[in-house]
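*Asks:* The chain contents come next:
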Amino acid sequence: MIAIVDYGMGNLRSVQKAFEAVGHEAVVTRDARMIGDASHVVLPGVGAFGDCMANLDRYGLIDPVCRAVQSGKPFLGICLGLQLLFTESEEFGRHQGLNLIPGKVRRFPSGLSEAAGTVAAHLKVPHMGWNEVRVTQAAPPLRGIEGGAHLYFVHSYYVEPEDATMVSTMTDYGLSFVSSIWRDNVFACQFHPEKSQLIGLRMIRNFAEWQ
Amino acid sequence: MLTKRIIPCFDVDNGRVVKGISFVALRDAGDPVELAAAYDAGGADELVFLDITASSDGRTSVYDMIARTADQVFIPLTVGGGIRTTQDMRMMLEVGADQVSVNTAAVERPELIAEGAYRFGSQCITVAIDAKRVPGTTPDAPRWEVFVHGGRTPTGRDVIEWARETVQQGAGELLVTSMDTDGHRRGYDLPLLRAVTQAVEVPVIASGGAGSPEHLYDALTDGGADAVLAASIFHFGTYSVGSIKAYLAERGVPIRPVRPETHN
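Note that the protein sequences, when read in sequence, are chains F and B. If you count by the numbering used here, then the first sequence holds residues 1 to 211, one letter each, in order. If you count by the numbering used here, then the second sequence holds residues 1001 to 1264, one letter each, in order.
Read the hints as simulated data drawn from the structure, not as lab findings. The reader is advised that the hints may include incorrect statements.
The calculated lysine to aspartate or glutamate pairs, modelled on EDC-like cross-linking and capped at a C-alpha distance of 16 Å, are [to be verified]: (1) F:K104 - F:D37; (2) F:K17 - F:D31; (3) F:K17 - B:D1218; (4) F:K104 - F:E162; (5) F:K17 - B:E1161; (6) F:K17 - B:D1064; (7) B:K1132 - B:E1094; (8) F:K73 - F:D37; (9) F:K17 - F:D37.
Partial list, computed: chain F residues near chain B (C-beta under 10 Å) [to be verified]: (10) G23; (11) H24; (12) H127; (13) F153; (14) I204.
Glycine is no exception: its CB is placed at the ideal position from the N, C-alpha and C atoms.
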């Protein structure tokens, strides 16, 4: 059974529906035992970093999430669910994360720019829309996803892992940032596979079939 | 490279899609869930639903419609219309919206933007601005006034000042509709778009006036918009999303290809 961790934030329904669309049942839960019994665990994320950490704590989910990461069973972090794994974030002041992955969460600096074909682009924050990934490591959920594939992003912050060997995709937005990481049983991504149409559903299916 | 987004918009009235000509004279253009699924398959980058009857009708039918859409459609959904509190925002996000759009309620109480941004993150909060050119202002120094209540009520507020204030409050994106060009299919209001995109750091969706692929190109280049929203040209089958994307790609605009990039 796939457990989607419900900590009272954002759009969990679309993550659940994406699993259903590829033929895998997933439950949305904040029950520590269900998360413990699950074969796969998903930590989604829409919201503000500080609020999300506070809610994880309020619902007693910090330990279950940390145990799931350390258990060896497939774990998927999405967007804020990637950022929460890190040591700390500078969103709305400084906030401590779960500290499962040493590193920081930083805001895109203002004044970024890049030449966009014939259009000189002044880059906006949040980074919002469909952008490409460069695959640097063939993480199991990325099977069948080619470099240059477009995925949906919506975020103002990006992760900086201390250990560069865990990077699995990079994306360019004025600067080159880490758009997903893979270490053992943990895959976590800044983009939203549940909102990235067929390519995203492919990734969701890959994750569900990851043993 | 980040691509420019093509966004079909659905004005929803009692669970059906309609589109006004300059905010009046509505025509029925179909069932929202069916349309959403078709646009998803056809290469739309995102969908926007604006519930134009929200303030006077019950919300239940809208929640149900969004939930049914989100079951089938795996691209971002933005929902606006009658959202007045963070509780309204939360309900929309829970049934399947990815972003909420606020308009009148934000003008009446700008702190709503900050509350939503703090609670759900700035990227969740789109502020929709209905703009009308102030009569008598000259083409070289144009000004626009903010209108609310679906374009019925003038506010006396300057659009550019309001745009800046919403971003200070935490808006993650602006959806700028020109009431002067909306529904006329003669092109977006480029001076308005240029003024707004130069004034703020957040993405801007251009709305109002699309009648041909060239109009979308102009908004994304000359107008500086990050995304273009259109309704009638898609709903009545004048152009497909795919044909517009092919046109834009041909002219050098970064676009997400319609064909999926996966292999086995």
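*Asks:* Confirm or reject each hint.
*Replies:* How the hints compare with the structure:
| no. | hint | verdict |
| --- | --- | --- |
| 1 | F:K104 - F:D37 | violated (30 Å) |
| 2 | F:K17 - F:D31 | violated (20 Å) |
| 3 | F:K17 - B:D1218 | violated (37 Å) |
| 4 | F:K104 - F:E162 | holds (8 Å) |
| 5 | F:K17 - B:E1161 | violated (41 Å) |
| 6 | F:K17 - B:D1064 | holds (15 Å) |
| 7 | B:K1132 - B:E1094 | violated (34 Å) |
| 8 | F:K73 - F:D37 | holds (10 Å) |
| 9 | F:K17 - F:D37 | violated (21 Å) |
| 10 | G23 | violated (14 Å) |
| 11 | H24 | violated (14 Å) |
| 12 | H127 | holds (7 Å) |
| 13 | F153 | holds (8 Å) |
| 14 | I204 | holds (9 Å) |
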